[in-house]
Amino acid sequence: MTEIPAKKTATGRRKVELDPRLAAYKGVWVFVEHERGVTHPVSWELLGEARKLADQLGVDVGALVLGAPGPAIRRACDDTFCYGADVCYLIEDPVLANYRNEPYTKGLTHLVDKYQPEIVLLGATTLGRDLGGSIATTLATGLTADCTELTIDPDNRSLAATRPTFGGSLLCTIQTLNYRPQMATVRPRVMHMPERGSPRAARIIEERLGMIEESIITKVLEYIPDERQDQAQLTYADIIVSGGRGLKRPENFQLIWDLAEVLGAEVGATRPLIQAGWVTADRQVGQTGKTVRPKLYIAAGISGAIQHRVGMESSDVIIAINEDPNAPIFDFATYGIVGNAMQILPALTDVFRQHAATAKRAG
Amino acid sequence: MHIVVCIKQVPDSAQIRVHPVSNTIMRQGVPAIVNPYDLFALEEALRLKDRYGGRVTVLCMGPSQADAALRKALSFGADEAILLSDRAFAGSDTLATSYALAAAIQRIREDMPVDLVFAGKQTIDGDTAQVGPGIAKRLNLQLLTYVARIDALDLERKEILIHRRAEGGVQVLKTSLPCLITVLEGINEMRFATMDDMFRAARYPLKVWDKAAAGIEDLSKVGLKGSPTVVAKVFAPQPKARKAERIEVHGDAPKDLAATLLTKLFTHHPQLERHISERAS
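Heads up: the protein sequence lines correspond to chains U and S, in order. Take the first sequence: its position 298, counting from 1, is numbered 298 in my numbering, and each next residue is one higher. Take the second sequence: its position 65, counting from 1, is numbered 65 in my numbering, and each next residue is one higher.
Simulated crosslink set (DSBU-like; lysine-lysine; CA at most 30 angstroms straight-line):
hint: 1; chain 1: S; residue 1: K264; chain 2: S; residue 2: K243
hint: 2; chain 1: S; residue 1: K49; chain 2: S; residue 2: K207
hint: 3; chain 1: U; residue 1: K26; chain 2: S; residue 2: K225
hint: 4; chain 1: U; residue 1: K106; chain 2: S; residue 2: K221
hint: 5; chain 1: U; residue 1: K360; chain 2: S; residue 2: K255
hint: 6; chain 1: U; residue 1: K248; chain 2: S; residue 2: K243
hint: 7; chain 1: U; residue 1: K248; chain 2: S; residue 2: K264
hint: 8; chain 1: S; residue 1: K174; chain 2: U; residue 2: K106
hint: 9; chain 1: U; residue 1: K106; chain 2: S; residue 2: K158
hint: 10; chain 1: S; residue 1: K158; chain 2: U; residue 2: K219
hint: 11; chain 1: U; residue 1: K52; chain 2: U; residue 2: K106
hint: 12; chain 1: U; residue 1: K52; chain 2: U; residue 2: K295
hint: 13; chain 1: S; residue 1: K255; chain 2: U; residue 2: K248
hint: 14; chain 1: U; residue 1: K26; chain 2: S; residue 2: K233
hint: 15; chain 1: S; residue 1: K264; chain 2: U; residue 2: K295
hint: 16; chain 1: U; residue 1: K219; chain 2: U; residue 2: K106
hint: 17; chain 1: S; residue 1: K255; chain 2: U; residue 2: K295
hint: 18; chain 1: S; residue 1: K225; chain 2: U; residue 2: K114
Among chain S residues calculated to face chain U with C-beta under 10 angstroms, some are:
hint: 19; residue: I124
hint: 20; residue: G134
hint: 21; residue: G168
hint: 22; residue: V230
Since the hints were made in silico from the structure, they are not lab data. Just so we're clear, the structure is a prediction, and the values are computed from it rather than from any experiment. The beta carbon of each residue, even a glycine, is placed where N, CA and C say it ideally should be.
Required output: the full structure, derived from the provided sequences and hints.
Listed below in structure tokens is the structure:
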């Protein structure tokens, strides 16, 4: 082995032969987050990732679909086959209509116990994190949160899950060696969205939940959809304009909104601005905020500290505006302008507006 | 009513630096603070106590220095503080941590029944959000995560009504006590400690529980032994090989810089031009 494990104990445990009972666990599973007729895109991203891991291991990809009976849930099953699933495990039950920890935990642990997958992946969403911790505890196995990279360790065929730690200053690779399944959560947008292909299979295995509403203690009285759906859209926005401490005063943040409006973009911010109350917390990009992967990310007055970087460095094109020529953001941005963001931002807004007007006349 | 609030002492991640050569965390001089998310949980518990009466017990697992976090909690008005501390807990991952904390809460509720357990939504050092759900599962408590508002508490009927942040919306949930609640940041604003409480906190005889005091007999469930996950490698993020292409113009006038950038952007990324034009129209 060329890698040097961080702890001695890890060295000893890495070489341990897997208990034959645990070696029987086969397959890479993805929990498909399906609520109110909509599947969260993170599920497709995870299926794409699961496909790669399963091909390396020579095993099947399983998709887990839970929800209320109806055409929407059947459609979700069909969709999983277009994103890489070989087999779809389905539990349909009216009590699964809204997400609740208790019935979902029961359904999932039942499937895991019966079909024994070696890896289970979930989205690191409010739902996935709620569910992941409960399932891992019930199954008494390891769960690694917020992974940014998943690979198979060639030495022992186990999952090597890499995640940022200490606010993104360091990365650590975590393994679950003598327990199965190995579980991990991954944030939306961290993994590539796979191309939707033609279905590679159509094998659906149905199981029953075996719960009645009266036995479930927590009741969903109401679901109130967000009025401003843009809150949720930051994660999947194609263009984002973000501001940081370099904007100096709260009123200068308006320059971010102005440019965003011209570009039809979403607005993001760094942690200090959230803490200072300039912008609401749902717009925070970074380790403790959202991970984004837009086609274009404009960072104004952002130094590029690691805590912000981990949330946006996968963007296709990054434009950085900062007064400090040595700011770390210039180490990974695509284009850099060294200058005063308060002057550059309105100039950008103007040229993009003019361009749009010209394009409109031409078109 | 009896509420247990779980808190953790963490290094202030905003001040953490990584040693450029050895890639290790430089802990010297980094202040230890109460995990900021836990303060929202504590304040929410104290507000319930203000309204309905009862007791708030704070529980913290960590080394002996973590008593500072507990004293901080006491200064805000918590009634009792317990430090769960034992060398056997060192190296615990989230599964082992939830085992130890659940054992301690079990021990607490043998003396006085517990109606509610509060925790922050996650810590700023581990960021996993797994320990709260783990404790709830082990103690068979109803789990309410990402709670944005507590609407009503009925101690007679042992019921609680809350708003929970979900994907793309809010769930209004009703459940029975006892339950475990992890609260969202911003749910409240922390009170100021009174002078009386600060004095009381400083003098307060903290309870320190080791594994035996917490009733933990099975040592295979705590520490490294009780942790399914193993840290195989720690390393610094790879710097990107390519630096940003600097946009420069003679005189550096903002207008010229912006125009140059736009030309460059749309020449090298024509798909972006199409995309932006479509949105603008």
